[in-house]
Structures are given as C-alpha cells and as structure tokens.
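**Q** Line order of the protein sequences matches chains A and B. Residue numbers are given in my numbering: position 55 of the first sequence equals residue 55, and the series is strictly consecutive. Residue numbers are given in my numbering: position 141 of the second sequence equals residue 141, and the series is strictly consecutive.
These are computed hints drawn from the structure, not numbers from a lab. One or more of the hints may lead you astray.
Stated by the list, open to error - As a list, the in silico DSBU-like pairs of lysine-lysine whose alpha-carbon atoms are at most 35 Å apart:
#1 B/K84 to A/K17
#2 A/K18 to B/K453
#3 B/K251 to A/K17
#4 A/K18 to B/K241
#5 B/K319 to A/K37
#6 B/K11 to A/K17
#7 A/K17 to B/K27
#8 B/K279 to A/K18
#9 B/K279 to A/K37
#10 B/K118 to A/K18
#11 A/K6 to B/K239
#12 A/K6 to B/K115
#13 A/K24 to B/K717
#14 A/K6 to B/K95
#15 B/K11 to A/K37
#16 A/K24 to B/K115
#17 A/K24 to B/K27
#18 B/K241 to A/K37
#19 B/K328 to A/K17
#20 A/K6 to B/K138
#21 B/K11 to A/K6
#22 A/K24 to B/K302
#23 B/K251 to A/K37
#24 B/K303 to A/K18
#25 A/K17 to B/K236
#26 A/K24 to B/K118
#27 B/K236 to A/K24
#28 B/K105 to A/K24
#29 B/K94 to A/K6
#30 B/K302 to A/K17
#31 A/K24 to B/K163
#32 A/K6 to B/K79
#33 B/K717 to A/K6
#34 A/K6 to B/K118
#35 A/K122 to B/K68
#36 B/K453 to B/K600
#37 A/K17 to B/K319
#38 B/K600 to A/K18
Small disclaimer: the values here were computed from a predicted structure and weren't measured.
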Amino acid sequence: MNIFIKYLYWQLILTPKKVLSILKNYLLFGFDFFSIKETLRSLFSPWRRYLWDYGRGFDIGKYLETFASNIITRVIGFIMRLFLITFFLIYEIVVLVLGIMIFFISIVYPFLFIVAIIYGFKYL
Amino acid sequence: MINLEKTEIYKVAQLESIFWCFKLIQKIFLIFSGIFLLFYIYNVINAKDADLLFGSVIVTFSVFVLTKNLSSFFNEYLKNPRKKISLEQALADKKENLSQFFNLKSAKYLDEAIKDSKRNGLHYPNYETILKSFLDVKNQRIIFIFSRLLIDLNGLKKELESKECLTQITREEFEAIFEEAGRISLKRGGEEIKEGDIITALVKVEPHLKQIIIESDIDEEDFEKINDWLERIYLKIQKDKQFWSYENLLKLGSLGKDWTAGYTPTLDSYSIDWTDIVKRRGFEDIIGHKEKVSQIERILSKKDAGNALIIGEPGVGRKNIIHGVIKKSLVGQSLPNVNNNRFIELDIVSLSSTTTSFEQMEKTLEQCFREVSNAGNVILIINDFHDFLGGKEKAGVVDVSGIIGPYLNSPTFKTICLTSYAGLHQYIENKPSLLAQFQRIEVEEMGTEETLKILENDVFKLEAKHQKFISFNSLKETIIVCEKYISNYPFPQKAINLLEEAVIYSGRDTETNIVLPEHIDNMISEKTKIPVGKIRSKEKEILLDLEEILHKRVVGQEEAINEISSALRRARTGVQTRKGPMGSFLFLGPTGVGKTETAKALAETYFNSEEKMVRIDMSEFQRIDDIPRLLGSEKQPGILTSQVSENPFSLVLLDEIEKANPDILNVFLQVLDEGYVNDNLGRKVSFNNTIIIATSNAGYKTILKAIEENKEMPEIKKDLLAAIFEKGTFRPEFINRFDGTIVFKSLTKEDLLTIAQIQLNKLNNNLRAKKIELVITEELKNKIVELSYDPVFGAREMKRVIQDKVENAVARALLNDTIPQGSKIQIDSDNFTISIS
Chain A
1 MNIFIKYLYW QLILTPKKVL SILKNYLLFG FDFFSIKETL RSLFSPWRRY LWDYGRGFDI
61 GKYLETFASN IITRVIGFIM RLFLITFFLI YEIVVLVLGI MIFFISIVYP FLFIVAIIYG
121 FKYL
Chain B
1 MINLEKTEIY KVAQLESIFW CFKLIQKIFL IFSGIFLLFY IYNVINAKDA DLLFGSVIVT
61 FSVFVLTKNL SSFFNEYLKN PRKKISLEQA LADKKENLSQ FFNLKSAKYL DEAIKDSKRN
121 GLHYPNYETI LKSFLDVKNQ RIIFIFSRLL IDLNGLKKEL ESKECLTQIT REEFEAIFEE
181 AGRISLKRGG EEIKEGDIIT ALVKVEPHLK QIIIESDIDE EDFEKINDWL ERIYLKIQKD
241 KQFWSYENLL KLGSLGKDWT AGYTPTLDSY SIDWTDIVKR RGFEDIIGHK EKVSQIERIL
301 SKKDAGNALI IGEPGVGRKN IIHGVIKKSL VGQSLPNVNN NRFIELDIVS LSSTTTSFEQ
361 MEKTLEQCFR EVSNAGNVIL IINDFHDFLG GKEKAGVVDV SGIIGPYLNS PTFKTICLTS
421 YAGLHQYIEN KPSLLAQFQR IEVEEMGTEE TLKILENDVF KLEAKHQKFI SFNSLKETII
481 VCEKYISNYP FPQKAINLLE EAVIYSGRDT ETNIVLPEHI DNMISEKTKI PVGKIRSKEK
541 EILLDLEEIL HKRVVGQEEA INEISSALRR ARTGVQTRKG PMGSFLFLGP TGVGKTETAK
601 ALAETYFNSE EKMVRIDMSE FQRIDDIPRL LGSEKQPGIL TSQVSENPFS LVLLDEIEKA
661 NPDILNVFLQ VLDEGYVNDN LGRKVSFNNT IIIATSNAGY KTILKAIEEN KEMPEIKKDL
721 LAAIFEKGTF RPEFINRFDG TIVFKSLTKE DLLTIAQIQL NKLNNNLRAK KIELVITEEL
781 KNKIVELSYD PVFGAREMKR VIQDKVENAV ARALLNDTIP QGSKIQIDSD NFTISIS
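Chain B on its own, in the form it takes in the complex (with noise of 0.2 Å):
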C-alpha cells in the first residue's frame, strides 16, 4: 500500500524548507561573527569601545552553532524515522504502508508528482509523471546514473515536460512501482527505498525509458547495477566519514606488536612487505574469493605446520586473496594466529642479482627461511614457486626444495606459495613429498559479476589519472568483448587490463572525454587482430547473405551450403542455447566435392582470413598413443591446443576424421558440447570462438549409389547415415555433437565446368601481371571437365589436368619467348597448343 501523506518522512519533507532556512542562516551568521570579532580584535588592541562588538560577536556566534545544531537534528533524527518492521515484512504484508521507507528525497518527488496529477485530474499520477518529478537535474543520485548511461538527463526531463500525458493508470498499477522499487532496494541490501531504486523499478513500465533501451545498448539490468554500485559509493563514503568508528580507528595500527618479534635484517634485504602495500593501498575492498580468504586464515592459523598452495592462473586473483587476508590481519579481525602478521613476499630475483654463487645464495636463502621461522611474526609468500623447484634450468635460478623442505614441517614458519596448475603438474607434483606439506587452495576465474563490480571500484581512479569520464557502457563491453575474444586470460585482470588500455586509447579520439564502447571494440581489434565490433554489427548481414557467400568460392552443393547457413543462424542467434563453439560441423562426401573450400570459404567468412584456420589430418591420430600429440603433454605442446590457444578466433578443420582412434574422437565430445579441453598440463583451451568442421567421405558408395538412383538428400542422408552406423564408423552420439552433419553430393558436370572457368580465372590473373590474357573457350573447359571427370574423386583430378596441360604449355611457351607481351593467346582443346590470337 502507498499512503505517502500518513507518513513520518512526508511531514519531514514538509519541514524541509524551513530547515534549508536554517541552513543558510548558518553561513550568514558565521561570517558575521568572524566579521565582528575581527572588529572586536582591532578595537580591543586600539583600546577603543568594544561592548557592542562584544555581544554581537557572542548572539551571531551563538546562532551558528544553534542552527547547526538544529540541522544536525533534521539530518540525523528526522529524516531517518524509525521504522517499526523491517522492508523485507513490509513487502510481504501488503497491508503495509511502503512509503514509510522512501527516503526523503523519494518522499519529496513522490509528493510532487501526486500534486501534478491532480492538477491534471488523474487519480494517481501516471508513470511519465512519476519519473518527471524523479528527474531531478540537480540529485547527484540521479546524475550519476543517466550520466553513467549516457542518457541526456536534462533532454529527457525537458521532453516528459512539454508533453502533457494524462494516461490513467490504476491504483494496482500506481502501487506495484513502488512494490518492485522495494524489492530491488532489498535485494542490493537496503532498508530505505531510494530515488534510484524507483528509477530503477520505472525502467521496466516507463514508455520513455522503455525507448531509450531499445533505441540503445542499455538493458533494464544496467539501471539496476548502477543503483547498485551508486549505493556502494554512497555506503562507502559514509563508513569512511565514521572515522570514530572502531573499524576506522583500527586502520591507525598499533604499537609494539612485534616487539616480541625477532628481527628479520637478511630477509629485509631481500624481500617485499606486503603488508605495507596494503597499508599504502588504503585498505580497498576485496571483492570475491571470500571463501579461499577464510580458507587462507584458516591453514595458517593452525598450530601444526600450516603451509598454503594457491593454485590459479595468473591474473585470477590470486595476489587479491593473500591483501584480503592482510587486510584481515591489519586491523585484528582474522583468527587469532594470523592477526597482526608481516607478510612478507620472497625476491629471489633481488637475491640471485646481487649473489655471486649459488652457495652463497643457498646459505642467504637458509639464514632467510631460519629468520623467518625464529621471527614469529612473518607469513612467507613466494610468488611462482614452481620456478623454484628446479624444473628451469636458467642462469640464476636456484632449487629452494632441499632448503625449504625442513622448515615446512615447523609450526613457527608459515607460508603461502603460489604457483599454476602448469607449474603445479610440471614441477610441484614431482615432489610428492614436498607438495604433502601443503594445503592445496584452487583459485577459479572470477564471473563476470564480480569482475564488473571490480571495475566499478577502478573506474574513479582511472578517470582521475588518464582525465577521462569512463560510461557504463563500456565497463559493460569490456566484459562482453573480454569474455569473447580474450580466453588465453582469465577474469578479473584480462578485463582491468583491457579497460586501461582502452582508457588510455581512448586519449587518441580527441572529439570526446567519454571512454565508449567503440573504443573499447577497437582495442580489442588492435589486440586480437580481428575487427571486433565491425564483426559483432556485420555478423547479421553476414550470416543473411552466407549462402551467397559462401557460393562465390564454392560450387554447387547447394543443400549442403543452405544447411550449414541455417545451423549457423540458429547456433549464432541464440534460438540454441549452447556453451560449446561457434559452430560445429561434420561434412561428408566424397573427395574433392568442395567440402575443404567450403571451410576455407567459412574461415575467410567469418574470420577474414583462409589463415585463421587450424588444419588437422586426423589420419596422424590413428593410436590412443597420439592423444599427448593432440592435447599436449610435458614434453611437446599439443598440436591441437597449443594452436587453438594461440588462434582462439579459427576455424579448426579435422580433416578425415573417421581414420582418427575413437577414443580420440570422445576429447571431441567434450570440445563440441562444453567448448573447452583441458590440455596434459590442466590448463583449460577454448573453443568458444571457434567453427569446428569435420570432414570425412566414410561412406562415400552410399552417396555415388544413391546419386545413381536419383535418389532426394533427406533420403540420401539417412541412407548415408544408416551406412555408418552399420559400419560403425562414427557413434551415434558423435554424430549428434554437431550442429550440422551436412552431406556433400558428388560433382555434375556442370559443376565441374563452373570450376574450370574459376580455375582458368585465376590462371588468368596471374598471367596478367605479364600483360597476357588468356582467352577461356568453351571447348577448352569441356575438354578439361572430360579429361579430369570422375564421380570418385570430383574436383580434384581437376586441377591436376590444367597443370598439366594448360599451365605446362603456358610455361614453356613463355620460357620460349614465344608470347610476346600484351598478347592474348588462345589453347587448342584439342592438342593443348598455345595460339597467339
């Protein structure tokens, strides 16, 4: 229920102005009282008459601080009433008086609209009137989200005023905005509803805002995160301002908790203080990774030895953990044991720089590992610890195993190494004894949620370092582009990396200080090479016209090119929902019918470029013994993830698939239906911005046979199907992976005549450059087509028989000097001579 008037907040509101009187009263009479009492001064030292400067002095003194004492009344006490339910019951008994929560600036432009409306004779005021009061160009709230949208705050008000909407909408209607804003305020936590929690509730009902989100990027969502982070600003800020508060006063530190601490003089030398990193840092808000947090607290507490491995890619998080437990320890709010700690980071680097041998580096490493255990006080962290266990053999690094071994099992030395799952299988697991001392801790790529609050919380430095507004929109594409195009990084650094360097692109464009999404979409263009946002806007018209593209280079097959455009509008649309690539297809057909050029044509499609295809010969894997060629292993990089890492945006063709080891053929299982392997070392590849095609003319008869019979293709597929079943040859739920299992038919004459022409185009073009044309008879592309047809092996015989004939002739002609420049020559189908014409 919505009973604004019956409530304390909105007589509060009506008291407002005068409070605001009291406010200005305030400033007058403070510079009053400073103005007299420097007349006071002077008078006195001039020993003049000073009473009546005296006394003013005292009454305009005494006023300030009595009307600052009232507004600390209205901004403490009255505009907070006091509630007696919580929102959370409110909501659920819809008995209840809502408005009782509304803060009061919500109190206030709830009021007005009320007032507009029955000024217009509405019953209740409509959804365009409630959002035209709410537009407040001066509430920083307000600013703060449009300005973050990028939506002209002061042009959507002028437009709700010039228009005069008396649309009625019903008490229901009227009551379920503020129900909606009450939920949304609940969900971020809160306990008042707050002006952009209304907004926010609008957004789903307003026909303005409804049109600014369809006319633009923005999502309903996006208000809501908005008033989610703005909220987050405004909790922040007030928790600082506390600095009374025991929270606060903690961050000062402490004196003489280490006096009972031994020295640690060698490990100084040699070290990071984390510690004062974080001190320095200011204490920021960790954000994610809580549950790894109180996992760390929890090993070190431990009164036996307690020893952390985090395991994690780099760029997860892995560093942010370890300045949530500090952070923790600073200020005395972790266990008993981890409170008050010096973490203290090992710079090996620092160390082997400025030791001559490795003896003396061992014997520096042995007094640093004994100062840290006869301290008492210090968390070792040793950053890439698998670089330290001797699996690199490189100038300078030493194998701290032997040295650390013995102090691992002491309960006075404590530390937290970090290394990858890499470094874990290659080097780490090779000491089964050593990694035994430690509590392993597996460090997850953060979602895209909490990366999106963590670049909330950069987005105010980054402004005030580069002088640049940064739009929400572009945090938002940050996410979606990082998320897409960049998977040899994990979240949250590939998208704080990305978001900096798009800032910092952004200073080229000199026309705006609003970091947009297009710069975004161009640094990721600059990074990854392919033309980002050109393909996310192309894509549509590219995949309208893909048959007409893809029939440019390939001839014929017109069933096969129709269907694989149709699984590609679905897969690309989202009519499927799907984790795996973008595409996945199993093309069958006899040799030389186009299946290789249709995925050339794919790749140049889809990723401008025939380069951008990663060719695999799956007959090489006929052996169970050749999965570590495919996926990797210590001693050779995988030839399918190693180059899938490298080119993620490719089209991976797996050429004759059906000579592969089926159990090989089940890695592709996973690949087809999550998007991922994971390579002999652990490390997750991605397929998600690859097209998969499978090639392979197993059961090619059936399709000759079935051509042969005049037979339709849904027949000749089930047919084909049927056949390699029978055989064997693929399982069913292989098959069922694909997006598409497309049937290439054998080549027509037609076909093949088409394919001259286009071969004896390109011989053309290159004999251009020698200013010779070649002229292309009828009768020379009917003798190639006779010459090279052959059901069995389609086009290919093809380019063989002009190499033969037509190109060899050309050749020895030119090396003859017999074709003079600027000629065009003409070859006898018949004997294949070169005639100058």
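Excised from the complex, chain A in its bound form (with noise of 0.2 Å):
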C-alpha cells in the first residue's frame, strides 16, 4: 500500500475507530461511576438500611410512626439517588457531545491545519 493511502486509512479510518472505542469506554464507565445498575435497582431503598421495625402487637399510634419513619428513609435514599441519577445524565451528555466533538475534529484536524498554513501564509 501506498505510504498516503496508508496515512489516510490512519487518519480516517483507524484515529476514529480509535476516538469511538475511547468514548464508549468513557460512557460505560459512567455506568460504573455512578453505580447505575445497584441505583435504579435500589432506587426506593432506604436510605442506608435505616428501617423501623414495626415491632408487635398493632398500635395504630406507633404503626403510623414507623410507617412515617420509614417513608422518611425511603425519600431520603429515593432523592440521593435521584440526584446521583441526574450527575450521571450531565456527564453522559457533557461527555457524549465533547465526544462527538474530538470525533470531528480527529478526523478533520491535519486538513484544518494545512489550510491554516495558507491562511498564516497570508499574513507574512
């Protein structure tokens, strides 16, 4: 293969390829990151196993406390991770779009840069 042929192959075929496998390293570890899986899994869970037991006997009084407590802890933990949720769509997205971006501009950047040396050449 021709040594330009192969540059281009380089440039535009294997940079990319390359570009894409580093983003979708960067968007599963997201994932990971933010413990996806075990959040949603859990996303009622109370928050750090703090339960009530509800104890014997039935007093109408103390059942509504504990049934109370432990919406409490539910809440707690639901918007914790609501919030952990809500970093995890910023980041996907913040890294997505600058993902997209390096892609681009991976591809074009040599093209850019000779045509810039015409453009410098301008000014000299």
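Each chain sits in its own coordinate frame; assemble them with the hints.
**A** Next up, the structure:
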C-alpha cells in the first residue's frame, strides 16, 4: 500500500475508530462510576438500610410513626439516588457532546491545519 | 525463513530517518510558535502592527501539529505493520518469512549486520556481527539486560568492534537464531521478535556471550528471565499509559455503591480497611495463587453462608491472595456478590486495649458482628483466627467462637479467616462445629520462579528507597540461599525480607552502590551464623580433601573414611539426583572405634562446630508410643523436630539406631528419601541442610570374627549385612536409603598407640596453661594401650585408663605442690609415679 493511502487509512479510519472506542469506554465508565445498575435497582430502598421495626402487637399511633419514618428514609434514599442519576445524565451528555466533537476534529484536524498554514502565509 | 528486505518493517526502517526529522521539526516549531506568540501578545498590548507575528504563530503552530500528527502515524501505525498470520503459525511453517515479526529496532540492527557482513564478503552475518549490531549502547532494552547482569556493555561492544571476525556460518545456522528468538518471544507471550529475544537466542551460540557465561555466575536462562522481566515492565507501562482504557477508568472508583449498605460505626473503630490499603498501593500485580483467588471468590459469592478459612504458614502469601480478591472486587471484575464489597480486618488487639472488661469486649464484638451482618457489603477478615478461640490463655485475648458461631450460618455474614497449620490442628480442629462452617483453602509455599517475579516487581521500589542498584545476580542469589539456608520461613516472604535486609546491609559497603550476591551471602551468614559464601566456595576444597581433614581426628578406619568422603562427593556434586539430606550414612561397627568421633569431625568440617550436632539416643525410642516424643505433640515439642527446626544446618546423629522401634525407623524412611518430616502439628521440618548419621553396633561380632579370619573389607561388609538381614535388625529398604553403609573395623594396636598419643597431647595442652610439660614416652603409650586394649570396647577404655592412671597422678601431685611451675614431668610406665626431669 502506498504510504499516502496508508496515512489516509490511519487518519480517516483507524484514528476515528480509536476515538469512538475511547468514547465508548468513558460512556460505559459513567454507568459504573455512578453505580446506575445498583441505583436503579434500589431506587426506593431506605437510605443506608435505616428501617424501623413495626414491633409486635398493633398500635395505630406507633404503626403510623414507624410507617412515616420508613417512608422518610426511603424518600431520602430516593432523592439522593435521583441526584446521582441526574449527575450521571449530565456526565453522559457532556461526554457524548465532547466525544462527538473530538471525533470530528480527529478526522479533519490535519486538513484544517494545512488550510491554516495557507491562511497564515497570507499575513507573512 | 529470513528475508528482511521483503518485509513491511524493513521499509518502515528505511523511513525512520525522515520521521526522526519530523520529530526535530516538531520541537523547533513548537519553540518558535511560543516565541512568536509572546511577541504577538506584546505587540497587541502595545497596539503595534502584529500581522506578521500572527501569521508566524499560525504557520509555526500548524507545522508543529502536522509533524506531530505524522509522528503519531509513524509510531502508532507504521511501526506496527499488520501480519497475516500469527508468530506461532509462522514458526510452525518453515517457509514463512520470520523477519516480518521483527520490531523496528530489530529490523534496523539486522539490516546493519547484513550490510556489515556484505562489506566483509560474508554470505550471512555471523554471530559476532549480529551481536555487534544489536549491542546498541543507547537502546534502553539492551542497557537493561546487560546492566542487570553486570556485564560491561560498552566494553563488549568495543571488543567486538576491535576484532574482524570473518567466520562463515550457513544459512541454516543464521536462520536458527531467529527461529529460537521467535520461540523465546512466543514463550513469554509476545507477538513480535524484539531485540531482547534475539540477544537471548544469541547467548546459546555467540562465542563472546558464551565466554561471559563460563567466566561468571550467569546462566543462559538468566538472559531469558531478564528479557521476560523487561517485557513485563514495558507491557505494564504501556497499559498504565492508556488512561482511557476501561480497566484504568474503573480504578477511579465509584459513587453510591454503598448507599444501600448500612453504616458500621463500631466496626470502623476497631478495624483496618484493607480496601483502602489496596487502593493506596495502586493496584499492584498479584503474582501466583490465582486459583486460590478464584476459590475465595467462589466461596464468598455463595448465596448461603460463605466463610473461607485460609490455611498456610505466615509468609506464603495468604494476605496477597486477599489483596487479589479485593483488587478484582474494586474494579468490578470479580463475581457479582463479591464486587464492590468492603474488606475489613477486625483489629481485636486494638479492641482489647481499649475495653476494660471481658463483658464489654464481648458486647463490642457482638455489635461489630451485627454491623457486618446488617451492612450487607462487608467481608470480615480475621487474621490469626486460632488466637481468638480460647486456646491461648493470655491477657486481653477473648474467645470469639461463641459470639461468631451464630453469625457464620447467616447468608449476610461473609468472612475470611486466616490461620496456620499449627493453629488449625491445635485450636480450630478442637471446635468441629465451628470448623464445619468454613471452607478450607490451603496455601502452599510459592515456587522459586514466582518468587523471582515478586522480587523483580519489588526491585524498583527498593532501589528508589535505598538509592541502590540491585543486580539480577543478587535476586538469583537471594532465592538460592533462601532455598538452601532459610527453612523456618516460606517463600516468597523469606526472599522479600532477605533482599530488603541485604539492600540495607549493602549500605555498609561504601565502595559500591550496587547490591551484589556477596552482600546476600554476608547477610545470610549473619542471620544463620554460617559462613555461607565461604562454605559454598570452600566446599569444593573441603570435599576434595575430606579424607585428610577427617583423618586429623579419626585414627585408622581408612576404608570407612574413604567411603564417607566418596559418598559425600557424589551427593554434593549433583552426580546423584536427590531430594533428601545433604548426606546420610549408617555407621556399623563395634563400640569405641571412632563412629561418633567421625560424626563429630564431619560436623566440625561441614558446619564449623561440633556444637552443630543434634545427638539423639535412639535407645530411648523403643516403643511406638515414643513417636510423639520424637516428632512432637500438642503437649510437648519433638526432640528431633524441634532441634532440627532450630538448627537446620546440623549433623543429626542417631545413636544406637538398632534399639529403636521398627515403626520409628519408618519415620526416617521419609526423612532420608524426601528430606522432610511433618511434625505432629503438620509443620514441615526440613532436613535438606543436615547430614544424617545413624550408628549401630549390630553385628559387631561378625566384624570381629571376619577380622580374625583376615577377611577384606568388601567381604566383611557382605557378611555383616547378611547377618543383619538374617537377624532382621534392619530391613533392606532402610539400609538402601542411606548414601552409604560404612563399616568400622576394630582398632589395631598401632591405631591405639596413635590415639594414646592424641589423648596425651590433649592432657599436655591443659598442663601447658600451668607451664608444665608432660614428656610422652613410648613406654607410657605402650602401657596405656596394654591396659586398655580390648577389641570389643575399642578405644573407649583408653580414656578411662588415662584418667585413672595419668590424670589422677598429675592431679594429686599438683595438689601436693610437688610439681613446680615450668618443669617437665615424666610418668613411670610401671607404677605411674611422677618424676620431674
């Protein structure tokens, strides 16, 4: 293969492929970093396993109190996880946007800089 | 087949100089673009015309980026041409061009060698020409190999350059080098043939390298091992550089994984977080024990109770196995139930130091275990588990068995406990219901190959810490001496400890900054009190002159001494393949003929002191019930095992072996065969550094009779063994286990005269302190021999006669003050009276 064709193959095929693979790594890493699988599975789970026992017998007042406490701990857990999911979504969007930008730049940047040289020479 | 010019890599090698220019241009233009940018900013701030500078910044920076892009093209793509087949396939098919698997440097060096050989009119570059072109003194790989082996790379290169070598080699010989290099690469898991592989292949054929090997302690395999080490380093660097790889990204950790897990405040106060330790250590490579790591993962991932009991001696790498599990768990590469757990070691010592009563301690422990169970993401580690089962009665030690027992059944309670074999047998096996809750993982001692890799991984940390250069030879020496001289501690820990101690020790040596094998030898000598280096270098001399050395102390017994010396020479020079002790002998003969004296002389010769003799009277072991006394039991240490453990470099003398119970003799079959015995606690006691001598006077009557009949030694031995087998004193398989069965003859009168002289000389030495000299006359010696000669008791009577007749007379005279200082005394041989001459 001619070296020029080799260069084009590397620049236009292999380099973007590598950028895409890195992008994929960062996107997948987001799922692990923000523990998405675990977070979704336990979205309404109590915060840090804080749960109150209803105890024996039935006392409506005590029952409601325990029920309320358990709801609160689940709500706290839900809010915290919601925050985490929000940050995850922001992260994924930022990575995706930056990744796509880098993907296109990685393909065209040598040609852009050739143009820049021609442009620069105009000032010389 | 080798045809370099037909390969892609060859073409790339031709282009290298152009791309090297790009690298230079890149640097120059980056500097210029920076300078132009500064001037441009200055002009803009001062409202001066900056168009020219603007254009210059754009042009220089664009050239920098473009040349950088071209350099990346060269390094990432051109330097690694794609191959249609694998190296393995190419090696199998002789017609394939192996040079397509060369890396750029190898292709370049071979090209140089080919050109060089053409200039000299050779068909193919010979070994010296290839080596010369591969010895690039600026190549980091080559420098690494030669510097770690302490070979003067520059010197060797100059030597090769100064000689004109015109040896012709055949095409087959030429190609064989690269086929071998290919095999070396494949063996280390490589896909390219690199310069290290070719150097390693050359070691087997190139005369200069062969000469270096002959003249030094380096082996051919050392090159391969260093090459393997080198490529592992490069691979790790390459992996770490790729920060974007998924594996490296996972090392950054995660958020929210423990939000569903409960808090463990009490446990946190009395524990050590191993997960944190592993993170701080930076995900080090775990060498060996991979199967044990998987085993623990499987146990911990069980849905019901999952408790692992790691059994092994301290130092075999039990904690490293747990580190391996934690490493995989941290990056989510373990089994689902193990991933992202916290590994916490219960610190019972700190707990006992902060609590005031047992009740309080038990309550706290109960709370800790409850927290582990409730948290849902904690795997509890208990080190030295046996210490907390009530076996050891000491202050502050609590018996956790009652508290932990109910939790071990729980599927939410996962634990890894560590213990030794002694701990298991002594304490844990006493609680079978507790033991039944665990799955055992037995950790064996690591092999030398894996230990070497661990040492290699530690080298750079040690070098940075102590500002020393550690040679490969010293790593090798560490393993050799550890294997030979340190038996009370296992690999890899003993080697790691010794290397670090030796590096510190080498600080005393102000002449060099290099850690040499001598430093390792000196270090081990200090530890074991045995002159290691000397023994190893002097051992040859000792073995060659053994007869003479032994005869300085042992009178007569020429045949016996010759046989012992020959057997030891065979055993120690590796002529015999063996696993057992350094040497083992059965001494047969009447009493008082020098059997014990020979053993003492051997101990002094080999171990530098008579003190290095473990003497066991086997007549004390006549019953089978005596085995625990010999090997040890829970209640008492074994007479044999404890002494050999404490003195692994010693001569073991088993006196009157014929009196021992036959079942006890069976114990020695394994010792003589394998070189170790397990004591009653399951600990392995090594006899590899001992010489075992068993003495017996069984069949002495046969010897006396044979001597009377003037029989020759081989015949005497034959008769004696026949008599022993007939009586059933020893079984043939027992006798055959010894390196030599040595028959000691009765002493002749001439021998006894010499012994008398030696004994009287000893007395003279004692008297010399009082400035008195005893004149030893022939008459006196003859009289002593006459009084003490008895073919049955040998020289044993002589000591008593000298004591009775000579020493007593001298003592009495000394007390009566009849011998003035500085006088010479003579003893009348008839009545043993003292006269002053």
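**Q** Against each hint, give a clear statement of whether it holds in the structure.
**A** Tested hints:
| no. | hint | verdict |
| --- | --- | --- |
| 1 | B/K84 to A/K17 | holds (21 Å) |
| 2 | A/K18 to B/K453 | holds (33 Å) |
| 3 | B/K251 to A/K17 | holds (24 Å) |
| 4 | A/K18 to B/K241 | holds (15 Å) |
| 5 | B/K319 to A/K37 | holds (31 Å) |
| 6 | B/K11 to A/K17 | holds (26 Å) |
| 7 | A/K17 to B/K27 | holds (28 Å) |
| 8 | B/K279 to A/K18 | holds (29 Å) |
| 9 | B/K279 to A/K37 | holds (23 Å) |
| 10 | B/K118 to A/K18 | violated (43 Å) |
| 11 | A/K6 to B/K239 | holds (26 Å) |
| 12 | A/K6 to B/K115 | holds (29 Å) |
| 13 | A/K24 to B/K717 | violated (83 Å) |
| 14 | A/K6 to B/K95 | holds (28 Å) |
| 15 | B/K11 to A/K37 | violated (51 Å) |
| 16 | A/K24 to B/K115 | violated (48 Å) |
| 17 | A/K24 to B/K27 | holds (33 Å) |
| 18 | B/K241 to A/K37 | holds (29 Å) |
| 19 | B/K328 to A/K17 | holds (29 Å) |
| 20 | A/K6 to B/K138 | holds (30 Å) |
| 21 | B/K11 to A/K6 | holds (13 Å) |
| 22 | A/K24 to B/K302 | holds (33 Å) |
| 23 | B/K251 to A/K37 | holds (18 Å) |
| 24 | B/K303 to A/K18 | violated (41 Å) |
| 25 | A/K17 to B/K236 | holds (24 Å) |
| 26 | A/K24 to B/K118 | violated (52 Å) |
| 27 | B/K236 to A/K24 | holds (23 Å) |
| 28 | B/K105 to A/K24 | holds (34 Å) |
| 29 | B/K94 to A/K6 | holds (30 Å) |
| 30 | B/K302 to A/K17 | violated (41 Å) |
| 31 | A/K24 to B/K163 | violated (57 Å) |
| 32 | A/K6 to B/K79 | holds (12 Å) |
| 33 | B/K717 to A/K6 | violated (85 Å) |
| 34 | A/K6 to B/K118 | holds (33 Å) |
| 35 | A/K122 to B/K68 | holds (23 Å) |
| 36 | B/K453 to B/K600 | violated (41 Å) |
| 37 | A/K17 to B/K319 | violated (42 Å) |
| 38 | B/K600 to A/K18 | violated (74 Å) |
This entry does not satisfy hints 10, 13, 15, 16, 24, 26, 30, 31, 33, 36, 37, 38, going by the numbered hints stated previously.
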